[in-house]
Each structure stands twice: as C-alpha cells, then as structure tokens.
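Build out the structure end to end from the sequences listed, making use of the hints.
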Amino acid sequence: MMRAWLTQHGFVFFLTLRRLIATPLTSLLSIIVMGIALSLPAGIYVLMQNLQAFSGQMADSPQMSLFLKLDTTQDSIEKVNQRLEENPQILSVRFIPKDAALQQLQQSSGLTDIAASLGRNPLPDAFVIHTQENTADALEQLRLTLQKWPEIEHVQFDSAWIERLNALLDLGRFAVLMLATLLSVAIIAIMFNTIRLQILTKRDEIELSKLIGATDSFIQRPFLYFGALQGLAGGATAWLIMVLAIRTFNEQLITLSQLYAIDLQLQPLTMMDSISLLLFSGWLGWLGARISVASHLWQIEPK
Amino acid sequence: MIIFKNVSKRYPDGYVALNNVDLSVASGEMVFLTGHSGAGKSTLLKLIAAIERPTSGVITISGQNIAQLKPAAIPYLRRKIGFIFQDHKLLFDRTVFDNVLLPLQISNFDHNTVAARVRAALDKVGLLKKEKAMPIALSGGERQRLCIARAVVHRPAILIADEPTGNLDVEYARDIMALFTSFNQVGVTVLIATHDASLLEDTQHRILSLKQGKLAT
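Protein chains in written order, with the numbering used here: chain B, 1 to 303; chain R, 304 to 520.
Any given hint could be a false lead.
Unchecked claim - Here are the in silico distance ranges between beta carbons for each label pair:
#1 B/L15 with R/Y318: 36 to 42 Å
#2 B/L15 with R/A376: 34 to 40 Å
#3 R/T398 with B/L197: 20 to 26 Å
#4 R/A419 with B/K303: 32 to 38 Å
#5 R/A440 with B/E251: 56 to 62 Å
#6 R/T363 with B/L200: 48 to 54 Å
#7 B/L15 with R/S512: 41 to 47 Å
#8 R/G341 with B/V185: 47 to 53 Å
#9 R/S512 with B/K303: 20 to 26 Å
#10 B/L15 with R/S330: 33 to 39 Å
To be verified - Chain B regions said to be covered by chain R (calculated; three or more residues, Cβ under 8 Å):
#11 200-207
#12 247-259
Just so you know, these hints were derived from the structure itself, not from any lab.
Every residue, glycine too, gets a C-beta built ideally from N, C-alpha and C.
The structure is reproduced here in structure tokens:
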C-alpha cells in the first residue's frame, strides 16, 4: 500500500516535471516573475536584518562613558570602581586612565603633533560601562543617578539615534510585511491563472478520468504538484537573485570599506531564512493551484 | 448483478428519458439493449455508471444501491465497470499504450505488472503492434478496439458498450462482437446498446428493447 502510494506520487512528480519542461519558455517566464516578485521583499528583509544586527550591537548592551573630575584621586577612583561593580544594573566596568586615553588619541587620530605640543594631559580618567538595561527610560534613570556622584563630572550616553534607528527598522519591517503580502497575493493569482489554463487544455483527460473512476484527489494531484514545484523553482530563483545581489553589493562595498577603514559587509541569507523562503514560495504555488483547482474542477462533470 | 426497480429519469428540461423501467441482468449474462435513438438507451447505461442519477426508483449493482451513493464512492463503482463510449473519448496527446494505461494509473495498480496488463489487453484486441502509435493514426475500427482495450484492462466485472459498432463495416462489427462474446465467456457481464439490427439477427442472447422510455420485452 505504502509502495503503491509512493509509486503514485513519484509518477505524478515526474509527470509534473515533464509538463514544466514541455513548455520551457512559459515555465521559465513564470518562474522568473515569481523569483523577482519574491526577491523584492526578501532583499529588503536582508537589508533590515543587517541594519538590525548593526543596531543590535549598539543597543543590546548599551554603553555609557563616565568622565571623572580632573582632580580625582587614586583612592576615589578605587571607590567609584567598587561602587560601579556592586551595582546590579551594570554588566561590565572598564577603567580608562587618562594616560591611556591620550596615547590612544595620539595613535588613532593622527593628532600626534598636536597632542605632543600640549603641555599636560587635558583628558580626564574615565570609566566605560555596559548596562543590563536597554530601555531608554531605565538608561536615563541610571544616567541621572551616576551624574549625582561627586567624583563624576559628566555621564555621556546618546540613546536617541538608536531609538530613531529602531523606530525606522520597525517601519521598515512593516513595509516588508506589506510588500510581501501584496506580492504573495500576486503570486497566488499568477498560479491560479496558470492552473486554470492547464485545466482548460486538459478538459478531455479530466472528464475521461472522472468517467473511468478517478478520485478527485487523483485528478487534483498533478495540478497541486505543478503549483508547488513551480513555486519552489520561483523561490530558488529569488534565492539565487539574492545571493548574486549580495555578492555584487559586497564587492562594491569593499572600496567603501577601504576608504573608511571599517568593516562593511552585507551578511547573506542564513540557512533558516533560505529554507523558509523555499518552503514559503512552494506553499504559495501550492495554495494558488489549490484555489484554482477547487474553483474549476467541479465545473467539469461528465455528461 | 444489475437491477432496476421503477426507475424513471426526467431531465431538467422536462424530457422523460426513462419511465418506470424494471429490469434485471444476472451476473455473467450478455444482454443487448435496442431501440431507436432517443429511446433512452444511453440514459440507461449512464445510470448504471452513476454518470446520471435517476429521478426516482432504485438501481442496485452487486447489491449496492447506487441511487444513494455518496459522491466520494462513485469512482469506486466506476472502477467495477468497463465503459465503451459512443464517442470513444480517446486521448490524442498520448500513445495507444498510454491510453490503455490510464485506468490502471487511476486505480493505483502495482507498478510492476501494469505494462504486462496493458500489452495483454492490446494483444486481445489485436493492437499490440501499434502500442507506440498515436490514436490519430488509427482507423475507425482500430480506435473502437483501442477503446475496448482501455475498458477491459483493469478487468471489470461489468462491460458496458454504447453503440460499439456505430459506423463500422459489417466485417469489423462482427470482429467487435466476437470480442464481446469472448469477454462474456470468461464471466464478464456484458451490456450492449445498439440500434444495429444486423447484430441481433442470429444472437442467442437476451434482447431488451426500449420504446419511448419504456421496456417492451
């Protein structure tokens, strides 16, 4: 029984492949249309994921800089360090002595000459802390608390841009969702029409099959396979478009990265995302075929 | 095997094709159904295969009341029947072999034996050498025989033929009738609708004649 079932499905699978290949141009065009339609939201999704990762690096454990007063003594620094470490809201504490800060300034910004010309080190000692909290309110609260400590001159924390970025990302996600929904409906419509035409051209075969005892599921199966396979091929095309686009984009980014001495690279689709894309596109094709079959097959009743 | 009790069929346009028909065909019997065109022959055959539903009455096939059959059960009734259609209903997009293969694919036959079964059926009707031909290349008689091969390939218990010698020469028609007789001899119940009087001249089988929707035995 199981073997008969497998044989039946295997047969339909290859029959469907043959049908796809039998009309290569039509199949190819449909697949490309589906691929492009899917790659649009998928592409924006990848951009969003990259921005998300970028902002996540910043926002997941927000960083605050505490600048001490210039005349702070070594004892006071120890005390501040201890109090910071004891605070449960703070994940890590790093002390940057003013000498180290000056050295870093000389090395990194090419201001060696200017720094050397300064009579004394103008930089304060500083602490860099990472916090547990990442909501704007909690961070603002912490900033105010720390600001009141007598040893601390200034607490620097800029959360506004992360807030804005996150808000933009939310908006972007919503746009992706809308675009994906619209294009999914378009793909279902394309598949609906493709299957409708197929059913029309196979009218004789369907009518005869019904007359000699074919079940509805037997008659539907090749059309559903066709929808799913073509959807899958469309998804694979979208995936290919994405991979090529990201590769090309990253090649362009190399120049930019070198100019700005930073690491700019678009991360490609993850394995999970790729599989989701393929499954989703296959499902869309199947769904379009399913709706088409449901609304057309019953009209063909043998007389 | 096939029992009609008070069966009537009225089409939606008001035309009464069958009017209170009672008949009974025993298992393994061969029966002719005659009458002028429009006498209700085709309707009667279609009722047996549940292609049409009766307006009233009871139709029983192998003990199963098919007037009350659920739509999902109809395919399994039709698999018990080999139907030879008046208009053949051959598929012109595939070979002779594949035309005969279709009923086996539909009823999920064992993959390893289907080819042998198809060839046996083609051999029976004398079309084995044409298995790779397309139906368009066949003569009228060959098409009729292809239709018969397709109807018997899944070894149905009942064989129904609607005007099987319709527009064939007398000689071809005799061949076809000999085929039906040979199927009947191995136990198949055969029901043949025809208006061809020459077929009925020297038959020993029962003849049912329909006149304006009524049986006149």
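Evaluated hints:
no., hint, verdict
1, B/L15 with R/Y318: 36 to 42 Å, "holds (41 Å)"
2, B/L15 with R/A376: 34 to 40 Å, "violated (26 Å)"
3, R/T398 with B/L197: 20 to 26 Å, "holds (24 Å)"
4, R/A419 with B/K303: 32 to 38 Å, "holds (34 Å)"
5, R/A440 with B/E251: 56 to 62 Å, "holds (59 Å)"
6, R/T363 with B/L200: 48 to 54 Å, "violated (38 Å)"
7, B/L15 with R/S512: 41 to 47 Å, "holds (45 Å)"
8, R/G341 with B/V185: 47 to 53 Å, "holds (51 Å)"
9, R/S512 with B/K303: 20 to 26 Å, "holds (25 Å)"
10, B/L15 with R/S330: 33 to 39 Å, "holds (37 Å)"
11, 200-207, "holds (count 3)"
12, 247-259, "violated (count 0)"
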